[in-house]
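Visitor: Listed in order, the protein sequences are those of chains A and B.
2 is the number of the first residue of the first sequence in the numbering used here; add one for each residue after it.
-16 is the number of the first residue of the second sequence in the numbering used here; add one for each residue after it.
Keep in mind that the hints are not guaranteed to be accurate.
What the hints assert, rightly or not - Here are the computed lysine-lysine pairs in the DSS-like style, where the Cα-Cα straight-line distance is at most 27 Å:
(1) B:K122 <-> B:K576
(2) B:K525 <-> B:K486
(3) B:K712 <-> B:K576
(4) A:K3 <-> B:K712
(5) A:K3 <-> B:K581
(6) B:K595 <-> B:K671
(7) B:K581 <-> B:K720
(8) B:K525 <-> B:K581
(9) A:K23 <-> B:K429
(10) A:K138 <-> B:K525
(11) A:K138 <-> B:K712
(12) B:K316 <-> A:K23
(13) B:K429 <-> A:K138
What the hints assert, rightly or not - Quick list of simulated restraints, FRET-style, between CB atoms:
(14) A:S108 <-> B:M523: 33 to 39 Å
(15) A:G162 <-> B:E725: 53 to 59 Å
(16) B:D432 <-> A:G27: 18 to 24 Å
(17) B:T366 <-> A:E211: 55 to 61 Å
(18) B:G267 <-> A:E211: 51 to 57 Å
(19) A:P171 <-> B:R124: 30 to 36 Å
(20) A:E211 <-> B:G64: 23 to 29 Å
(21) B:S551 <-> A:R36: 46 to 52 Å
(22) B:R280 <-> A:R234: 48 to 54 Å
Unchecked claim - Residues from chain B shown here face chain A by an in silico Cβ test under 10 Å; the list is partial:
(23) P144
(24) K316
(25) Y407
(26) N414
(27) K671
Think of the hints as simulated: they come from the structure by calculation, not from any bench.
Note that the coordinates shown come from a computational prediction; the quantities given were computed from them, not determined experimentally.
Note that the Cβ used here is the ideal one computed from N, Cα and C, for glycine as well.
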Amino acid sequence: MKTAVLVFPGSNCDHDAYHALKHVVGVDAEFVWHRQSTLSGYDAVVIPGGFTYGDYLRTGAMAKLSPVMDAVRGFAAAGGPVIGICNGFQILLEAGLLPGAMIVNDSLRFVCDYVHLRTETGRTPFTRGIPAGKVLKIPVAHYQGNYFADEKTLSALEAGGQVAFRYCEPSGEVTPSSNPNGSANHIAGICNGAGNVLGMMPHPERCAEEVLGSADGRLLFDAMVSWLEERGR
Amino acid sequence: MREIPVTPELAREHGLSGEEFGRIRSVLGRDPTFTELGIFSVMWSEHCSYKSSRVHLRKFPTKGPRVLQGPGENAGIVDIGGGLAVAFKMESHNHPSFIEPYQGAATGVGGILRDVFTMGARPIASLNSLRFGRPDHPKTRYLVSGVVSGIAGYGNCIGVPTVGGEIYFDECYDGNILVNVFTLGVVRHERIWRGTASGVGNPVVYVGSKTGRDGIHGATMASGEFDEKTDEKRPTVQVGDPFTEKLLLEACLELMRTDAIVGIQDMGAAGLTSSSFEMASRAGTGFVMDLDRVPQREEGMTPYELMLSESQERMLIVAKKGREDEVREIFEKWDLDVSVVGEVTGDGIGRIRWKGRAVAEIPVAALTDQAPLYDRPAARPATQDALQSLDPAALPAPSDLAETWVELMSGPEMADKRWVFRQYDHMIRTNTLVLPGSDAAVLRVKGTDKAVALSVDCNSRYCYLDPFVGGMIAVCESARNVACAGSEPVGLTDCLNFGNPEKPEIMWQFRSAIEGMAKACEALSVPVVSGNVSFYNETMGKGIYPTPAVAMVGLLENAARRVVQWFSSEGDIVLLAGADRLEVNLGGSLYLKEAHGKVAGTPPPVDLDHEKRLVAFLREAAGAELLASAHDLAEGGFACALAEACITRPDGATGARVANPYPDTVRPDFAMFSECQGAVLLSCTPGKRESLLSLARRFRITMMELGTVGGEHIDIEGVARVAACEMGKAWREGFAKALGLEG
């Protein structure tokens, strides 16, 4: 079992994702440079957070043009598990692998803080086995994490069970004050129709060890490992 | 282009005195060219040459068994064992941040990051020390918002966490804000690189961003008046590009894993000039450089502009001859410019060529070793005695002590700085074990059991009232803060912010503060390994309070033994270590300033022998897992330290019921808010009480048992009592409220 951690110019959570996978969860991980055009040999793909190309255009708008993104498209189409975290989520949106867009936080400021997420679906490889309604304590760190989509798209996401995480209170109650950025429907993460591509703004790789204040993020990587194991990877 | 004639007037406009201009002519044996004049003016500027401060900076202890690199390099380096070391430095970006807060602060962060990674270290944490004018000054809110978002914009993008710092407000900073930024990186001993240009024949390689006209020293003067073609006025503040710096960071660290280079230095202040001449100076070599090979962002740049540009995100590398292609390959992978611009020579002369002709030929030593050095006159201000006089008995007692207590805790100085640090990514790189809000930030060092504790401190009111004692306190307090986290102070860096050194009163403040700091460093055996001086923080002849900010680095051998400042469990015992250090002293106190509108008196006295024992005791107590919390008494005295221990816990406030540590004969407001040096509020589980007391006896630390953690109220028995949740709410909301910011 081998995971790919993509590295674009400006990725900056690549080392953290690698550390969580390799040294905490104990699964093989390798950095994959954005100019590489194949992902053969890898069983899962992590698109880490950061500021690819400085976010100088739109978040993710440049990174989606990298050769490795064609490989990600093929990998995802074949059912391979892909998780995009923070800027990785933004790249997945720009690449059209997930619907919707990100706009600036409603506070107009960068926000770095622990938030709580309510798990909405266990259908992704990264939430498999995590019971719906389970509350996770995970940090966010972004300036443009305000998820936006038109009504039709939002309805389709809700109806299709594609909302993976919603911001909530520690109790699990979804309230406006628990939403750190103004996201539509309090969305923190969504998956594609098939369920194998997950994008989320919060950072599970930052809270995979109790010593950092929470180990809830590890649940997502553990889920990925069992999902792959079940498929003989 | 015609060469502009160099005259004494022109030299004066470049900030060079008549005597300095004479010195240039004598070391060259001729008149300098215009380009040479520019080079001398920046290299001999206060900022680059430390000409007014060097004689005093020598008083700092800079050596120690752990010191691998002291002052004089891009950053200091301290051994942390296991083949690892930490590289760190602090720098100011005061003037640019006042002119353009976002870019000024952002490029300050960019500069200090380069100083650290040029040594081969991967930056893992930044801190900052900020000073603004009074909260209701019309510019303060704009400056705070701009500086904070500038620091955030740069640090968050490059992916180095900003894990702590301090922020203060005072009228004396209305016209001169302070933006001091600190970065620490981790490096393996064998991967340490220095800024040296050794090996005759080795290529000099330029990497990073292209050179533009931004940040040219004296840009206003250079445009129009001297060159009719240059009619565009450029801002003197540089513009930061954190994305390019991220690429530069990764490319440099990748290059440093090879052995293709011999030296590297960032192009900071004075850009290409300082990096080339300083590297040659350290190696005792010379160099030739062809400016036509410098990657340029704009057309028609003159040699003067190329040499003086302070465009950001650039480095100068001396590679091994024949290994140029390896360097080129790595930088091209990261989409960065790379160009061989010259080579190292053995004649000790820096030769700059442009369009086939020599535009500057300067002996390297003339610029560096033979730079002017001043021992400027110093005199204690005549007003100092009046400043130090204070009659506490004449101060009216507050009608409601609880209300005053809440007001102090919710004022901008004490209030929760969450509005600030939520904008900083303080968790990236997953090392931050103690998040912002405790006495010190604690970061683990991955791959080891170790951690570093970081704190930056300076009480400038104390320094204003007595710079010598204030300097001692800045060192002692930062040492105490990292010791409260359970660590051993192993080294410090400083940023010395003062007014105009040509005034004897300012020079007296500077000299006294340094002597106080040096004395405390000697007593605590903490070396100063790097630092920065920022003079001329004056507007309309009015200087800031002397503000020597100290950033202390502590080492924990076992990260699991870290301690936080907040009470953790109901029923824990509250004790005061250093109870004999309690003073009835309002000099320079927060209470005196906020409740009585005065900055006067003398700062609390310091007992260095006690401080040394206290620091050792705290570390031992933490190492033996005896402590549940440790928080030193600082601004706001005992009452504010107690309130902080109760309400700063991230998962909600707790109460505590404690005895008043002062005798009943002391006026209650003085007991609550007197400030002292060397006292620490501790808590421990009842089971650890005896061991803790016996350890304290071993270190001759006087302990006083005060009460227990728990309950709804923060209660100083018989003096004042406030509901913990009420205090917590006022504290959390105070900062945004005081500044009129949206929460």
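Visitor: Now, for every hint given, state plainly whether the structure supports it.
Guide: Status of each hint after checking the structure:
As the CA atoms of K122 (chain B) and K576 (chain B) are separated by approximately 21 Å, the hinted pair is consistent with the 27 Å bound. For the given pair, K525 (chain B) sits about 11 Å from K486 (chain B) by alpha-carbon distance, which is consistent with the 27 Å threshold. Among the hinted pairs, K712 (chain B) with K576 (chain B) is consistent with the structure: their alpha-carbon atoms are about 23 Å apart, no more than 27 Å. Distance hint between K3 (chain A) and K712 (chain B) is unfulfilled; the C-alpha atoms sit about 48 Å from each other, more than 27 Å.
For the suggested pair K3 (chain A) and K581 (chain B), the alpha carbons sit about 65 Å apart, so the restraint of at most 27 Å is broken. Proximity of K595 (chain B) to K671 (chain B) is assessed by CA-CA distance (about 23 Å); at most 27 Å being required, the pair is judged to hold. Proximity of K581 (chain B) to K720 (chain B) is assessed by CA-CA distance (about 23 Å); at most 27 Å being required, the pair is judged to hold. For the suggested pair K525 (chain B) and K581 (chain B), the alpha carbons sit about 18 Å apart, so the restraint of at most 27 Å is met.
Among the hinted pairs, K23 (chain A) with K429 (chain B) is consistent with the structure: their alpha-carbon atoms are about 13 Å apart, no more than 27 Å. For the hint pairing K138 (chain A) with K525 (chain B), the CA-to-CA distance comes to about 50 Å; that exceeds 27 Å, so the pair is violated. Straight-line distance between C-alpha atoms of K138 (chain A) and K712 (chain B) comes to about 23 Å, which keeps the hinted pair within the 27 Å bound. About 26 Å separates the Cα atoms of K316 (chain B) and K23 (chain A), which keeps this hinted pair within 27 Å; it holds.
Taking the CA atoms of K429 (chain B) and K138 (chain A), the gap is about 23 Å. The hint holds against a cut of 27 Å. Checked against the given bound of 33 to 39 Å, the beta carbons of S108 (chain A) and M523 (chain B), roughly 37 Å apart, stay inside it. Taken as a hint, the range 53 to 59 Å is violated for the pair G162 (chain A) and E725 (chain B), whose Cβ atoms sit roughly 36 Å apart. In this structure the supplied range 18 to 24 Å holds for D432 (chain B) paired with G27 (chain A), their Cβ-Cβ distance being about 19 Å.
Checked against the hint of 55 to 61 Å, the C-beta distance between T366 (chain B) and E211 (chain A) comes to roughly 56 Å, which is consistent with it. Between G267 (chain B) and E211 (chain A) the C-beta distance comes to about 53 Å, which sits within the given range of 51 to 57 Å. Remark: the range hint 30 to 36 Å for P171 (chain A) to R124 (chain B) is upheld by a beta-carbon distance near 33 Å. At about 25 Å, the beta-carbon gap between E211 (chain A) and G64 (chain B) stays in the expected band of 23 to 29 Å.
The hint said 46 to 52 Å for the Cβ distance between S551 (chain B) and R36 (chain A), and at roughly 50 Å that hint holds. Taken as a hint, the range 48 to 54 Å holds for the pair R280 (chain B) and R234 (chain A), whose Cβ atoms sit roughly 49 Å apart. Proximity of P144 (chain B) to chain A holds as hinted, the smallest CB-CB distance being about 9 Å (cut-off 10 Å). Against a cut-off of 10 Å between C-beta atoms, the interface hint on K316 (chain B) holds, since the closest Cβ of chain A lies about 8 Å away.
Interface hint status for Y407 (chain B): upheld, as the beta-carbon distance to the closest one in chain A is roughly 6 Å, under 10 Å. Because the smallest distance between the Cβ of N414 (chain B) and any Cβ of chain A comes to about 8 Å, under 10 Å, the interface hint for this residue holds. Evaluation of the K671 (chain B) hint against chain A yields a violated restraint, the C-beta minimum of about 22 Å exceeding 10 Å.
The structure does not agree with the numbered hints 4, 5, 10, 15, 27 stated previously, though it agrees with the rest.
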